[in-house]
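**Student:** Below, each chain spelled out in residue letters.
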Amino acid sequence: MYEIIRKEKLNESVELMEIRAPYVARRCEAGQFIILIVEEDGERIPLTIADYDRERQTVTIIYQVVGYSTKRLSEKKPGDAVQDFVGPLGHPAPLKKVKRVLGIGGGVGIAPIYPQLKKLKSMDVEVDVILGGRDKDYIILDQEMQVVCDHVYYATNDGSKGIKGFVTDKLNQLIEAGEAYDMVIAIGPLIMMQAVCEITRKYNIETNVSLNPIMIDGTGMCGGCRVTVGGETKFACVDGPDFNGHLVDFKEAMNRQKMFVEEEDHICRMALAAQNITHEGEGK
Amino acid sequence: MINKSTVKTPVHEQEPNIRNGNFKEVVLGYTSHEAMEEAGRCLQCRHRPCVSGCPVGVPIPEFVHEVAEGHFEAAYKIITRENSLPAICGRVCPQESQCEGKCVRGLKGEPVAIGRLERFVADWHMKNTEEAIVQTANEEMPKIAVVGSGPAGLTCASELVKKGYRVTIFEALHKTGGVLSYGIPEFRLPKRLVADEIENVKKLGVRINTNVLIGRSITVDELIEEEYQAVFIGSGAGLPKFLNIPGENLNGVYSANEFLTRVNLMKAYEKSAKTPVKIGKNVAVVGGGNVAMDAARTAKRLGAENVYIVYRRSEEELPARVEEVHHAKEEGIIFRLLNNPVGITGENGFVRGMSCIRMELGEPDASGRRRPVVIPGSEFELDVQTVIMAIGQNPNPLIRQTTQGLKTQSWGGIIVEESTMATSKENVYAGGDVVTGAATVILAMGAGKKAAAAIHEKLTNQ
Chain A
1 MYEIIRKEKL NESVELMEIR APYVARRCEA GQFIILIVEE DGERIPLTIA
51 DYDRERQTVT IIYQVVGYST KRLSEKKPGD AVQDFVGPLG HPAPLKKVKR
101 VLGIGGGVGI APIYPQLKKL KSMDVEVDVI LGGRDKDYII LDQEMQVVCD
151 HVYYATNDGS KGIKGFVTDK LNQLIEAGEA YDMVIAIGPL IMMQAVCEIT
201 RKYNIETNVS LNPIMIDGTG MCGGCRVTVG GETKFACVDG PDFNGHLVDF
251 KEAMNRQKMF VEEEDHICRM ALAAQNITHE GEGK
Chain B
1001 MINKSTVKTP VHEQEPNIRN GNFKEVVLGY TSHEAMEEAG RCLQCRHRPC
1051 VSGCPVGVPI PEFVHEVAEG HFEAAYKIIT RENSLPAICG RVCPQESQCE
1101 GKCVRGLKGE PVAIGRLERF VADWHMKNTE EAIVQTANEE MPKIAVVGSG
1151 PAGLTCASEL VKKGYRVTIF EALHKTGGVL SYGIPEFRLP KRLVADEIEN
1201 VKKLGVRINT NVLIGRSITV DELIEEEYQA VFIGSGAGLP KFLNIPGENL
1251 NGVYSANEFL TRVNLMKAYE KSAKTPVKIG KNVAVVGGGN VAMDAARTAK
1301 RLGAENVYIV YRRSEEELPA RVEEVHHAKE EGIIFRLLNN PVGITGENGF
1351 VRGMSCIRME LGEPDASGRR RPVVIPGSEF ELDVQTVIMA IGQNPNPLIR
1401 QTTQGLKTQS WGGIIVEEST MATSKENVYA GGDVVTGAAT VILAMGAGKK
1451 AAAAIHEKLT NQ
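Top line first, the protein sequences correspond to chains A and B. Per our numbering: the first sequence = residues 1 to 284. Per our numbering: the second sequence = residues 1001 to 1462.
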């Protein structure tokens, strides 16, 4: 069992947990992920590592409460424990010392981009970031980003923070204003990462994305997470999760996300009904 | 008195048309009376050819003799001197090519049903004997790390702990057993049995740390530097192969590993399961080994109407155990032999069909089997909504990528010195599928046992 040390609600649907996991904390790096199981016979949930503390032997995860399993996770309190927690999985993000990097985080994707930018900052790279979300409440880790980034920009659908529009609108603005970046790291919904890549391809800016497809074991065993990169099939869990975004077949990746939509919705409804938990219509 | 029957005493099985709708065990096993009757067929030959066919050297005539006499517990003691997982081996060993393949009774008629007898003895013991296993691990003895809790790792660990070593098994998944848990289905190997056998290994004093992925959570090099005198790698062959044909990434194409893991390990066949599995009306399973049979029979049980085994060679070359092929046919699995998939077609991102081409057998190839050759112009489309690739697995690359000085084959298998299972790296041993590529439970156990003996000898002489 893995103890929950700290829990914070970041907005109405996104939460943070710091969990004691010595084997993960001792050698994890930015870009890697973990898999956790909330309770006996639960789903294996992959989550990218949002932060870690080697001395405290803890790993921080940030998740959106979207279905049955994350709902069960959300019911846990500090002092409680999760059944299983394995990692670090995948390769560390391929970060290199360049002059200037732009991070782009969308929604809960802001969480995994944070350790990458923090690491780059420690390598003396100039770091800017665009944070995007539905409204200002969906902009998470704002203070942390202020600490590691030279400039923090915002884009919200309703304009309640930063520009009204998408992160890609802000990206276009920055490029048109003459800001030069050696590299872009984009993490968020597939559709956002694809849109970012379309722009950066035009300007020939190297762009990394982090993929979080459907997977079971996260160790290369099931192949459920396969993704086409540069015309070759890769397993996101062992070959990634970070890839050159200009080579990723996003159309296929988006299609593969739909594999179990009906089944998951069914499981969610059945399980919640069985426990008399109200289903708030969250889709997954 | 020798039982002169030329055929094996029949064993009770669930009716094919009932069992293909449930996940309960297919073979029900012998009664005491049937077991004694079958044991009476053994000639007790002096030269014991059956024993030479057993990768772990179970003293077969001795235990069969005790069964014939009705001394079942004595039989159990004899088997477990050499084999720590008899309930499992009795069910999944390819006896026809091992012990039973060498049985003298097989020259005229059927061999003695050694597998069924082993299973009977193990089951009888579990049901009738309260296990009083005493911990054998000794605090003064060296520490050994075992990577993987499948058959190779479990056997190596239990052999070493019996000699007093302090053994820790590291398992990457949340459940123990490796392929015994995620791969082989419940209807062929009930998970309760696997759990019981692993519980026995734990009672001897073996520690099992789940959720530790060697190569990521900690490396083999670190294990040796930090606390262990020797490491045994039994991490299996878990990386699924695909055919690299068009359409393989459509929704509805699974590796057999993914499909079986969803169903077996994550229990997707139960109504309350949280991990889903989706199955079409018609299902094609590509491949002809035991894993292909398991996947096909599982698909049938999940409600598929038509399940095809699509295999590019003929029946004779099917690598699966004879019993598995027989059971699959009884359950209504349709064999499309000498058919080779060339592409998978889709609609809205989901599988709609699989294009195949017919083959015929040509000259023998390097494996000695006749090479399948394409019949030009024989393409046809199979109407399926699910495709399961069961064409083999390679070892996971993680350990070889993260262990200094570990020599491997071009396909990823760890190279070992055959008599000791020692790798190119000092004090690191390996065995099972990670060395041989996907093979059998019993060969993995044999390798684990051999490595344990070599580790003991090395550490004793140091």
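Because the hints were derived from the structure by calculation, they are not lab data. The structure displayed is predicted, hence computed values, not measured ones. Among the clues, some could well be false.
[Claimed, not checked] No more than 20 Å apart at the CA atoms, straight line, and that leaves these computed lysine to aspartate or glutamate pairs for DMTMM-like: (1) B/Lys-1281 with A/Glu-263; (2) A/Lys-234 with B/Glu-1248; (3) B/Lys-1278 with A/Asp-265; (4) B/Lys-1008 with B/Glu-1323; (5) B/Lys-1271 with A/Glu-232; (6) B/Lys-1241 with A/Asp-239; (7) B/Lys-1278 with A/Glu-144; (8) B/Lys-1162 with B/Asp-1365; (9) B/Lys-1267 with A/Asp-265; (10) B/Lys-1191 with A/Asp-41; (11) B/Lys-1278 with A/Asp-239; (12) B/Lys-1267 with A/Asp-41; (13) A/Lys-7 with A/Glu-232; (14) B/Lys-1241 with A/Glu-232; (15) B/Lys-1271 with A/Glu-39; (16) B/Lys-1102 with B/Glu-1062; (17) B/Lys-1267 with A/Glu-262; (18) B/Lys-1267 with A/Asp-137; (19) A/Lys-251 with B/Glu-1323; (20) B/Lys-1271 with A/Asp-137; (21) B/Lys-1267 with A/Glu-39; (22) B/Lys-1267 with A/Glu-12; (23) A/Lys-251 with B/Glu-1248; (24) B/Lys-1281 with A/Glu-262; (25) B/Lys-1278 with A/Asp-41; (26) A/Lys-258 with B/Glu-1248; (27) B/Lys-1127 with B/Glu-1186; (28) A/Lys-96 with A/Glu-126; (29) A/Lys-161 with A/Glu-126.
**Student:** Give a verdict on every hint.
**Tutor:** Consistency of the hints with the structure:
no., hint, verdict
1, B/Lys-1281 with A/Glu-263, "16 Å, holds"
2, A/Lys-234 with B/Glu-1248, "12 Å, holds"
3, B/Lys-1278 with A/Asp-265, "13 Å, holds"
4, B/Lys-1008 with B/Glu-1323, "14 Å, holds"
5, B/Lys-1271 with A/Glu-232, "37 Å, violated"
6, B/Lys-1241 with A/Asp-239, "15 Å, holds"
7, B/Lys-1278 with A/Glu-144, "42 Å, violated"
8, B/Lys-1162 with B/Asp-1365, "45 Å, violated"
9, B/Lys-1267 with A/Asp-265, "18 Å, holds"
10, B/Lys-1191 with A/Asp-41, "14 Å, holds"
11, B/Lys-1278 with A/Asp-239, "26 Å, violated"
12, B/Lys-1267 with A/Asp-41, "8 Å, holds"
13, A/Lys-7 with A/Glu-232, "40 Å, violated"
14, B/Lys-1241 with A/Glu-232, "14 Å, holds"
15, B/Lys-1271 with A/Glu-39, "17 Å, holds"
16, B/Lys-1102 with B/Glu-1062, "16 Å, holds"
17, B/Lys-1267 with A/Glu-262, "18 Å, holds"
18, B/Lys-1267 with A/Asp-137, "38 Å, violated"
19, A/Lys-251 with B/Glu-1323, "44 Å, violated"
20, B/Lys-1271 with A/Asp-137, "38 Å, violated"
21, B/Lys-1267 with A/Glu-39, "14 Å, holds"
22, B/Lys-1267 with A/Glu-12, "32 Å, violated"
23, A/Lys-251 with B/Glu-1248, "15 Å, holds"
24, B/Lys-1281 with A/Glu-262, "16 Å, holds"
25, B/Lys-1278 with A/Asp-41, "19 Å, holds"
26, A/Lys-258 with B/Glu-1248, "16 Å, holds"
27, B/Lys-1127 with B/Glu-1186, "19 Å, holds"
28, A/Lys-96 with A/Glu-126, "12 Å, holds"
29, A/Lys-161 with A/Glu-126, "23 Å, violated"
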